[in-house]
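Let the sequences and hints guide you as you build the complete structure.
In terms of full-length UniProt numbering, the sequence shown has 317 at position 317, counting the first letter as 1, and numbering is strictly consecutive.
I should point out that these hints are in silico values taken from the structure, not numbers from a laboratory. Here a beta-carbon is modelled for each residue, glycine too, at the ideal position from N, C-alpha and C. Mixed in with the good hints there might be a few duds.
To be verified - Computed list of lysine to aspartate or glutamate pairs in EDC-like fashion (alpha-carbon distance at most 16 Å, straight line):
(1) LYS363 to ASP388
(2) LYS101 to ASP56
(3) LYS250 to ASP350
(4) LYS363 to ASP353
(5) LYS363 to GLU407
Unchecked claim - What follows is a set of in silico ranges between Cβ atoms, one per label pair, in the way DEER data are often shown:
(6) GLU32 to ALA321: 25 to 33 Å
(7) HIS333 to THR364: 41 to 49 Å
(8) ARG385 to GLY53: 37 to 45 Å
(9) HIS333 to GLN355: 25 to 33 Å
(10) GLU205 to LEU103: 31 to 39 Å
(11) ALA352 to THR273: 48 to 56 Å
(12) GLU205 to PRO390: 17 to 25 Å
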Amino acid sequence: MRGDERGSGERPALARLLAISPHTFAAEYWAERPLFTRASELPHTFGDLFSAGAVDELVTRRALRTPFVRMATEGAVLNAARFTAPGGFGAEIADQVSADKVLDEFAAGATLVLQGLHRTWTPLAEYTRQLVADLGHPAQVNAYITPASARGFDPHYDVHDVFVIQIAGEKRWRIHAPVHPSPLRDQPWDEHRAAVARQAENTPEIEETFRPGDVLYLPRGWIHSATALGGTSIHLTIGVAALTRHDVLKEVLATAAQHEGLRAALPLGVDFTDPAVVAALVADAVDDLARFSRDDPDQAGQVARRLARRVRTSTRPEPIAPLATMEGAAALHEATTVSLRHGLDARIGDAADGQVALVLPGKTVTLPAEAAAALDAVIVGDTIRAGDLPGLDSASSLVVARRLVREGVLVVR
Numbered sequence: 001m002r003g004d005e006r007g008s009g010e011r012p013a014l015a016r017l018l019a020i021s022p023h024t025f026a027a028e029y030w031a032e033r034p035l036f037t038r039a040s041e042l043p044h045t046f047g048d049l050f051s052a053g054a055v056d057e058l059v060t061r062r063a064l065r066t067p068f069v070r071m072a073t074e075g076a077v078l079n080a081a082r083f084t085a086p087g088g089f090g091a092e093i094a095d096q097v098s099a100d101k102v103l104d105e106f107a108a109g110a111t112l113v114l115q116g117l118h119r120t121w122t123p124l125a126e127y128t129r130q131l132v133a134d135l136g137h138p139a140q141v142n143a144y145i146t147p148a149s150a151r152g153f154d155p156h157y158d159v160h161d162v163f164v165i166q167i168a169g170e171k172r173w174r175i176h177a178p179v180h181p182s183p184l185r186d187q188p189w190d191e192h193r194a195a196v197a198r199q200a201e202n203t204p205e206i207e208e209t210f211r212p213g214d215v216l217y218l219p220r221g222w223i224h225s226a227t228a229l230g231g232t233s234i235h236l237t238i239g240v241a242a243l244t245r246h247d248v249l250k251e252v253l254a255t256a257a258q259h260e261g262l263r264a265a266l267p268l269g270v271d272f273t274d275p276a277v278v279a280a281l282v283a284d285a286v287d288d289l290a291r292f293s294r295d296d297p298d299q300a301g302q303v304a305r306r307l308a309r310r311v312r313t314s315t316r317p318e319p320i321a322p323l324a325t326m327e328g329a330a331a332l333h334e335a336t337t338v339s340l341r342h343g344l345d346a347r348i349g350d351a352a353d354g355q356v357a358l359v360l361p362g363k364t365v366t367l368p369a370e371a372a373a374a375l376d377a378v379i380v381g382d383t384i385r386a387g388d389l390p391g392l393d394s395a396s397s398l399v400v401a402r403r404l405v406r407e408g409v410l411v412v413r
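Rendered as structure tokens:
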């Protein structure tokens, strides 16, 4: 199923990147074709998300380490030693970004790449979490800072969809149709290097000069390259690791081990050199798997939970401040409003008799069985008063809420 009928108000992070409705984008562009939008057509600018000042802040004051930083010249990635160095007494780790070395390489024409900004720059961390909720697919953010007239990378394609936001300066982009449409993550462009190079010599599908505030959506597999013009260019690339039907099939197969028929041995003497025999085996296995999916309603539920968990675990949950969290837990009272941390992978798991378990990344929180209804309400994500958790009296509700705040499950709203 492609797209849905939800309006742009329900996908505000995505709508910010579009001059059309999210529904139209989902139906006509998503995973199919590029969409280039001028800043003048968009309802918002992007200075609140990133800027040249943010680049200098990250390079000079945040002690970034590889692989959060890399540099490239004419398509070749530089050895990290050329732009990193120890941080001095008490910070001797050798792979910290060096502002002096970055300046030298940048002045010589190298592109600076700041990777994982959805982890290191707060405005983009917040925005990316909202965008993942809108898209239903994992996303991450890099910044590319290119000196005038420099080409950062050779024509190539990505194995993820991207939204490109021009932040500063101008950049000339050339975009060509795929030679390997919809590549999977283990199908990188260098496996088709010759075909990519030939395609890049043809007339591009899109050739535009990007200016601040312009946005491009590019499905995975589309070939692209860019050259900075007339000054330093800064653009953000939001990479979207779209889940595919291939991912669905992998999760279905992961659950198929529960089906006795699919676990059964093949007949003796199977001739695996005969394509017709193998084709029949494949057809039988597919039929058995389809029957299994129809006859066992829980299988679809298992697949759904596994796919949902892949999205949640690929995205950093809402950050929590340890000291403020402890103070907030101590000050909690019945009227305090709390809710599940945004993006937290939390699910109800198995527990011993008389207990209920909440499974989190890296740990499991167990509570008395009387808290089961409360945990069911918590993982839905609704905001609720600390003294009003379902199934508990006010005092018990407060005790459970305080425990879940301390465990990093709930946050005070």
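*Are there hints from earlier that the structure breaks, and if so, what are their numbers?*
1, 3, 4, 6, 7 and 12
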